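A.B. asks: Taking the hints into account, I'd like the entire structure generated from these sequences.
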Amino acid sequence: MTISPPSPGRSRAGKKRPTPHLNATCELADRVQTLLKEGDVEINGHELDIATVVAVSRCGCKPFIERTPKLLNNVEAGQDILDAHLESGSKLYGVNTGFGGNADLRTNELLALQRALIQHQQSAVLTPRDLGAERDGHDDTNSHSMPSAWVKGAMLVRCNTNIRGHSAISLQIADTLVEFVRRDMTPIVPLRGSISASGDLMPLSYIAGAVQGNPDTFVRTGKGRDFKVMTARNAFKEIQRLNLEDEAKHGRQLVNGRSIEYSPIVLGPKEGLALVNGTAPSTAVACLAVYEANQLAVLSQLITCLSSEALAGNVEWTHPYIAEIRPHPGQVEVSQNQRSFFEGSKLIEGLDHADRYKEGIVQDRYSTRTSSQWVGPLLEDLLHASDQLKIELNSTTDNPIVDLQARDVHCGGNFQATPVTMVAERVRLCLQMIGKMLFAQTSELINPAYNNGLPPNLAADDPSLSFFAKGVDINMAAYQSELAFLANPVSSHVQSAEMHNQGINSLALISSRYAMQSVEIVQLMSASAIYVGLQGVDLRAMHTTFLAQFKDIVEATIHQTFGRWVEDNEIELLINAIWGSIRKTWYVSASSDAADRCEKVAKATVEPTLSCLGRFDRHHDHDRGSYQERFARQHKAWVETLQKVMYNAFLLHRASFFDRPTTPEYLGKGTKVLYRFVREELGVPFHRGHIEDPVKLDSLDGRPVKTIGSWISVIYGALRDGRLYGAVMKATQ
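Under the UniProt record's numbering, the first residue of the sequence shown carries the number 1, and numbering increases by one thereafter.
Think of the hints as simulated: they come from the structure by calculation, not from any bench.
Any given hint could turn out to be false.
Claimed, not checked - Cross-link-like lysine to any residue pairs, in silico, SDA-like; alpha carbons within 20 Å at most: (1) 600 with 563; (2) 644 with 548; (3) 249 with 40; (4) 390 with 433.
Predicted model only: the values in this text are computed from it and were never measured.
C.D. replies: Printed below as a string of structure tokens:
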């Protein structure tokens with residue numbers, strides 16, 4: 001009985017489902033680009049988003065405070081309410097009391113108390129190298145200071161919190177924070193020392209020190225040759241100089257009828273506490289991690305498709321019905337995205353219907369076949385993480401807080417950054433899962449026992465002397481081991497601190513820092529997986545096109561050699577038998593050098609030829625012995641000829657393919673975009689094997705010869721600066 005395959009294009013297969021994660025990721029990337037084009041962005045305490053944090057902290061977008069009457073009134077009202085409580089004799093935590101476990105102490109020295117707060121928190125380590133020029137690589141320790149982008153993000157987030165009116169802080173201080181960001185004056189903040197309990201006290205105290213003009217607080221400014229470090233006091237002088245230059249060019253800038261002047265600030269009652277008692281550093285770093293993780297999650301789906309094409313996979317696992325009967329939103333989305341990426345591919349099968357009569361393994365292995373079930377839940381987690389951060393960005397994280405409606409002051413724990421901790425923990429786990437999948441896919445591609453007929457280590461030349469991807473395989477194992485370690489929870493390592501007042505603390509900044517480390521490792525793994533995957537599809541296309549062209553040569557040779565010995569109706573049977581053997585043996589012998597491979601292929605034609613001979617003999621009973629003898633002699637000569645012809649044809653085809661790969665013609669809609677970006681825009685070539693040794697050769701066909709790691713580094717650089725993500729987003733359209 002013949003079972004008809006499902007008809008391609010059924011309504012179920014063609015039905016489009018929502019892709020919330022992909023849509024959100026694309027919208028986020030688009031908004032960052034929009035903000036960069038606009039150059040400026042206004043914050044009001046209620047509408048800050050991850051894209052704005054990215055645009056300001058990394059890309060130089062300039063933040064301004066939206067000076068609406070409501071915002072200005074709220075900021076002023078917060079201070080007025082605090083002053084009224086102080087005048088009535090209220091004892092307010094951190095305003096006229098001691099801090100933390102010393103909250104039983106009282107003082108009337110309100111300004112001195114704020115200085116004391118900043119003083120005791122500025123207690124972490126910065127080395128002379130951290131405070132000097134850019135690191136030269138000769139130090140045997142890592143930097144002890146935060147990246148400038150993290151600090152800028154923290155300043156933006158803290159300003160957005162402070163202008164909500166609940167912190168009793170002056171608009172002057174909030175505006176000074178964003179002026180430092182606008183002028184690229186970034187405080188140098190220690191990397192370690194925060195437990196994110198009463199907020200990120202230590203990091204924010206160094207930012208507060210900059211606002212104070214502390215001569216022992218330092219800021220970075222500029223890049224490259226323009227990079228320099230100066231004291232916070234001198235930073236104010238530089239800001240004033242720049243403002244005077246702007247006034248000379250554009251006229252005096254007025255706000256509410258007054259000229260803006262920036263100078264070191266004496267912190268008023270609670271203003272020091274308002275600056276340091278919050279989650280801004282943790283939140284800013286988590287925003288950057290989530291932004292990258294979302295894009296890496298989309299990229300991982302595209303890399304999976306690339307790996308499947310390199311493996312000549314059977315992708316029936318993308319059929320919508322599979323997700324329809326287990327309709328987790330993430331799984332449904334990944335399946336649909338992958339079907340879109342595969343559209344038009346000539347290297348895979350099973351996208352429209354499955355071949356139930358194929359030889360060999362009938363289904364792909366887990367690393368690709370279960371990718372929608374593996375990645376789908378991660379998309380759901382990342383969407384939830386983004387939602388949580390959006391809430392945190394527009395929340396008041398402080399203590400005490402001013403109740404503008406009730407004109408009261410409340411003591412609470414909004415500084416506890418546990419929501420951010422949970423975001424960072426989930427992000428690290430998601431990244432570990434992505435990394436594990438990429439590692440499994442690249443391992444499968446590199447191993448000839450699993451890669452469906454590709455050479456060992458994806459060597460384009462003779463594998464006995466060329467081990468192209470073997471080092472990458474080891475690298476991926478190292479990356480994955482470190483990534484798996486980083487996926488362990490940080491929140492389970494809480495220590496009681498500060499006289500046991502902070503008996504529980506979120507460790508959000510530590511968790512967010514590790515999330516950024518995980519991002520970096522998955523970027524390394526993604527760059528490596530892309531490089532390996534592109535090598536794989538090039539090899540798959542090269543061998544596929546070679547066999548397609550060589551088949552004509554084989555048919556012509558068979559006609560020429562055996563045409564006089566067999567009937568016309570028999571020649572087609574002979575061609576089919578011999579060609580089936582040639583094609584199968586070509587892939588089975590992928591671990592052999594080209595000459596040995598062609599010899600094995602030629603010898604493998606003996607059995608099918610003799611089998612055909614046995615069937616043909618009955619037509620030549622009159623001279624069976626003579627016929628068999630002559631046929632055997634003719635076949636022996638043909639085998640020798642086939643071996644030589646195939647070897648020469650392959651060398652010519654390989655050289656031609658090296659010069660002009662035709663791979664894009666065989667790729668799907670999504671992977672084709674990725675291929676062209678890496679091969680054409682980045683200039684990362686198809687690796688030709690042993691010849692590509694910089695020790696022996698400077699250039700090859702007009703392009704440089706680099707180490708394998710240097711080419712992967714080019715891809716990694718495009719990941720780090722966002723160019724590759726642009727190509728990925730294009731592939732999703």
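A.B. asks: Take the hints in turn and mark each one as holding or not.
C.D. replies: Okay, the hints, checked on the actual structure:
no.: 1; hint: 600 with 563; verdict: violated (24 Å)
no.: 2; hint: 644 with 548; verdict: holds (18 Å)
no.: 3; hint: 249 with 40; verdict: holds (19 Å)
no.: 4; hint: 390 with 433; verdict: violated (24 Å)
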